[in-house]
Amino acid sequence: MDTVSRRNTLIASLKGGLVVATAYDAVQLSGDMAAPFLQESGFYWLTSLDKPGWKVIIDGSRHHTTLVRPHRTDIEKVFDGDISDDVVKKLAQADEIISAQDFEARLRQLARKHTVVSTISPKHDYHFVSNPASSSLEALLRRIFAHVDDCSAKVAELKAIKSDEELAVMRKSVALTRHAFEEIRHNLATYHHEYEIEADMTKMFRFKNAHHAYDPIVASGENAVTLHYIENNSRLHKTKPILIDVGARVGGYAADITRTYCVAPSRRVREIHGAVEKAHHDIIALLGPNLVVSDYMQQVDAIMKRALTELGLLVDKSDHETYRKYFPHAISHGLGIDVHDSLGSPRYFRPGMVLTVEPGIYVPEEGIGVRIEDDILITETGYENL
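For the sequence shown, my numbering gives the first residue as 545, with consecutive numbering after it.
You may find that some hints are simply not true.
Said to hold, decoys possible - If you anchor each label on the Cβ, the simulated ranges turn out as follows: (1) H730 with H608: 47 to 57 angstroms; (2) A579 with E821: 35 to 45 angstroms; (3) T553 with E865: 38 to 48 angstroms.
No lab work stands behind these hints: they were computed from the structure. None of these values were measured; they are calculated from a predicted model. Note that beta-carbon positions come from the ideal geometry of N, C-alpha and C, so glycine has one too.
Sequences are here, hints too, so could you generate the full structure?
Below, the structure is given as structure tokens:
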């Protein structure tokens with residue numbers, strides 16, 4: 545599905561027939577340095593444009609798409625380069641480009657025939673500050689239009705089903721990541737610090753013109769019980785497992801794979817790794833089209849509780865607090881443009897969805913954390929481990 549088809553599908557599902565969305569803004573890292581830029585996924589899905597500050601107007605009544613070029617000074621163009629209108633129009637399959645100075649006037653013109661406008665308003669529950677672009681746009685739209693609807697959920701629902709073209713790109717991301725893991729595993733005994741593994745992963749990605757899809761996790765020993773440990777600066781020990789959670793980003797789409805290796809594992813490490821490996825296999829085997837999501841979650845809980853019981857970590861399967869101590873995160877999340885790509889709020893899994901399966905067992909008192917994660921495509925007849 546190309547960007548025009550995506551926009552048409554979105555417009556057809558909304559009342560009002562008008563969507564206005566924004567790219568993320570560039571934000572400050574320090575001084576006059578910008579933080580590394582990653583596009584808002586809904587905007588990218590609608591435009592294929594990965595530059596900051598742009599906006600898109602999709603007028604369904606005319607099947608017309610307008611891009612709004614952000615204002616940039618001559619100095620900014622000299623230092624950061626520029627992109628021509630022709631290149632942007634071809635990339636986004638847009639009909640026209642207007643300047644930021646003409647944006648508000650265009651909105652007021654549209655408001656004369658559209659009382660409702662839809663926009664993408666990304667929201668999260670985390671402690672960090674949101675990118676200001678979406679809230680700024682929403683405030684402007686509320687001053688001009690009678691009704692402003694949030695179409696984020698609908699965009700998430702639509703982009704949860706990957707097209708063949710998207711899947712081809714995702715297979716490249718996963719294949720590159722898998723190759724990097726195989727190289728690391730083959731040379732595991734030669735590494736002395738976590739950062740050496742990160743460095744080789746980065747090198748392999750960059751040699752293929754790819755980047756990390758997220759901050760890499762290389763967590764040895766007790767570091768692995770911190771789920772998003774990213775310091776990657778500890779010394780490695782042959783008897784301590786090394787949890788590596790890394791994914792390449794190719795063509796705007798992420799992979800997300802985790803393996804836990806150990807040069808000379810103890811019996812206990814083998815037991816825990818074996819339990820996670822079996823759970824990983826059994827949980828993937830559950831997947832397929834029309835599987836009810838709530839049923840999946842219940843079966844996952846049963847599998848993980850059985851694993852913890854067999855390891856002597858869970859005595860009472862109704863003890864939710866202890867269960868969550870040793871398995872504290874979700875079993876799956878969507879994957880795509882975002883590493884944690886929304887699947888919407890589906891009642892059941894549908895063909896074309898891509899999700900992770902990532903059972904993990906973390907035992908702080910023993911300094912052991914083990915996770916195994918793969919990226920799974922739901923197919924018409926079952927699943928495919930990408």
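Going down the list of hints, with the structure as the test:
no. : hint                               : verdict
1   : H730 with H608: 47 to 57 angstroms : holds (54 angstroms)
2   : A579 with E821: 35 to 45 angstroms : holds (38 angstroms)
3   : T553 with E865: 38 to 48 angstroms : holds (44 angstroms)
Comparing the model with each numbered hint stated earlier shows that all of them hold.
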